[in-house]
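Residue numbers (the UniProt record's numbering), protein chains in the order written: chain A, 1 to 203; chain B, 1 to 203.
Be aware that one or more of the hints could be misleading.
[Unchecked claim] Examples of chain B residues lying across from chain A (beta carbon under 7 angstroms, computed): (1) Thr-125; (2) Leu-156; (3) Glu-159; (4) Ser-163; (5) Met-166; (6) Gly-167; (7) Pro-179.
By construction, these hints were calculated from the structure, which means they are not laboratory data. Note that the Cβ used here is the ideal one computed from N, Cα and C, for glycine as well.
These are the residues of each chain, in order.
Protein chains: 2
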Amino acid sequence: MTEPAPRRRGRPPRAAAEAGPGARERILSAARTEFSDRGYERTSIRGIAKAAGVDAALVHHYFGTKDEVFAAAIEVDFEPALTVAAILGDSLDGVGERLARHFLAIWENPATRTPLIAVLRSALTHDAAAKVLRGFVLRRLLERVAGELRVPDPRLRAELAASHMMGIVIMRYVLEVEPLASAPAERIVDLVGPTLQRYLTEG
Amino acid sequence: MTEPAPRRRGRPPRAAAEAGPGARERILSAARTEFSDRGYERTSIRGIAKAAGVDAALVHHYFGTKDEVFAAAIEVDFEPALTVAAILGDSLDGVGERLARHFLAIWENPATRTPLIAVLRSALTHDAAAKVLRGFVLRRLLERVAGELRVPDPRLRAELAASHMMGIVIMRYVLEVEPLASAPAERIVDLVGPTLQRYLTEG
Numbered sequence: 001m002t003e004p005a006p007r008r009r010g011r012p013p014r015a016a017a018e019a020g021p022g023a024r025e026r027i028l029s030a031a032r033t034e035f036s037d038r039g040y041e042r043t044s045i046r047g048i049a050k051a052a053g054v055d056a057a058l059v060h061h062y063f064g065t066k067d068e069v070f071a072a073a074i075e076v077d078f079e080p081a082l083t084v085a086a087i088l089g090d091s092l093d094g095v096g097e098r099l100a101r102h103f104l105a106i107w108e109n110p111a112t113r114t115p116l117i118a119v120l121r122s123a124l125t126h127d128a129a130a131k132v133l134r135g136f137v138l139r140r141l142l143e144r145v146a147g148e149l150r151v152p153d154p155r156l157r158a159e160l161a162a163s164h165m166m167g168i169v170i171m172r173y174v175l176e177v178e179p180l181a182s183a184p185a186e187r188i189v190d191l192v193g194p195t196l197q198r199y200l201t202e203g
Numbered sequence: 001m002t003e004p005a006p007r008r009r010g011r012p013p014r015a016a017a018e019a020g021p022g023a024r025e026r027i028l029s030a031a032r033t034e035f036s037d038r039g040y041e042r043t044s045i046r047g048i049a050k051a052a053g054v055d056a057a058l059v060h061h062y063f064g065t066k067d068e069v070f071a072a073a074i075e076v077d078f079e080p081a082l083t084v085a086a087i088l089g090d091s092l093d094g095v096g097e098r099l100a101r102h103f104l105a106i107w108e109n110p111a112t113r114t115p116l117i118a119v120l121r122s123a124l125t126h127d128a129a130a131k132v133l134r135g136f137v138l139r140r141l142l143e144r145v146a147g148e149l150r151v152p153d154p155r156l157r158a159e160l161a162a163s164h165m166m167g168i169v170i171m172r173y174v175l176e177v178e179p180l181a182s183a184p185a186e187r188i189v190d191l192v193g194p195t196l197q198r199y200l201t202e203g
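Isolated chain A (complex conformation) (with noise of 0.2 angstroms):
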């Protein structure tokens, strides 16, 4: 995916100038500490702006409302999840098992497993925060692995797919269910594989 164009909102606040080079990036990685560490309801803009050593004017002037922020956070949280779309590649042959074993690897590492564990509690947890993911989810995942199926509903056995993972996501790494939360991930890649397979492919 290619870098998203900075949004700019107007004439820059004299804050830009100020806050010097980098200054976006800065507010994105502040963003995405703020939105893990408080969730999204205790997330503000002037929190953001102070972790980023900026002005608040100037995260409205690159990102908008909290929303906004939110998004732009998200989208490099669920970068890593949409490769899974391409795992679909040419072929759909073993396309089951490809994909749960490349999904619980982005899960298994925590350097990508915590940020998206605190999307998924926002968006369980606030109705702005879920229209997001939503939005953000629609239009992006869940498209791109429909568009590849050769299956009647394709976008309804996307999401099935994509719930069944989702529950494990939530039962092994959220709520720790043994013995599923230990469970070698090769194991769970053997079950599932099959049952993501048959939704993906067969009519």
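Following the hints, put chain B in place on chain A, whose structure we already have.
Structure of chain B alone, referenced to chain A:
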């Protein structure tokens, strides 16, 4: 399930006599409403007592800590879900379809869905609530289901089936991702039934 025996701690506080008959049920009902409306974190023993029109000491007397009140509230909310285990009944023929249909019916009904979503949200955002749900789900629901299975790793398979249903619940009723949110329940049963059947019965 039989009504759990009231848990009484020490000598009943004077408030017990003043609160009159049905106080325990009023407290439980108030607790469910409070947890559902405010979430886990913002609910307090004091607030539950006030809503039930009793002294906070009486809530402690009947239920103990906030976690224990939460567990008792969950127990009521999950009552319909516990019947899922009964679905396994005498035969595992067609159990996947029956389970999917029964489970969706619980969530299609707003009266049972609303408190369950509140419990799920609390568990996904607060470790203490997650621990209660995990202990409860493990002890009551998954053990019952796993006990009926004749496959290797019955508990892991019961959890994979449960994770799929949980993911569907989240995408359909909480995140409201389309087309899953509006798909007829029977269409979902058709697609998901064979998945549950495979997890629960195929070696």
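Checklist entry - Given Leu-156/B as an interface hint, is the shortest Cβ-Cβ distance to chain A below 7 angstroms? => result holds, 5 angstroms
Checklist entry - Should the interface hint for Pro-179/B be scored as holding, given a Cβ-Cβ cut-off of 7 angstroms against chain A? => result holds, 5 angstroms
Checklist entry - Can the hint on Glu-159/B be confirmed by a CB-to-CB distance to chain A that is less than 7 angstroms? => result holds, 4 angstroms
Next on the checklist: Is the interface hint satisfied for Met-166/B? The criterion is a beta-carbon contact with chain A at less than 7 angstroms.
Outcome noted: Since the shortest Cβ distance to chain A is 4 angstroms, the answer is holds.
Checklist entry - Against chain A, is Ser-163/B within 7 angstroms by beta-carbon distance? => result Since chain A brings a Cβ to about 4 angstroms from Ser-163/B, closer than 7 angstroms, the hint holds.
Item to check | Restraint outcome when Thr-125/B is required to lie within 7 angstroms of chain A by C-beta distance | outcome: holds, 5 angstroms
Checklist entry - How about Gly-167/B: closest beta carbon in chain A under 7 angstroms, or not? => result holds, 3 angstroms
Going through the hint list in order, the structure satisfies each hint without exception.
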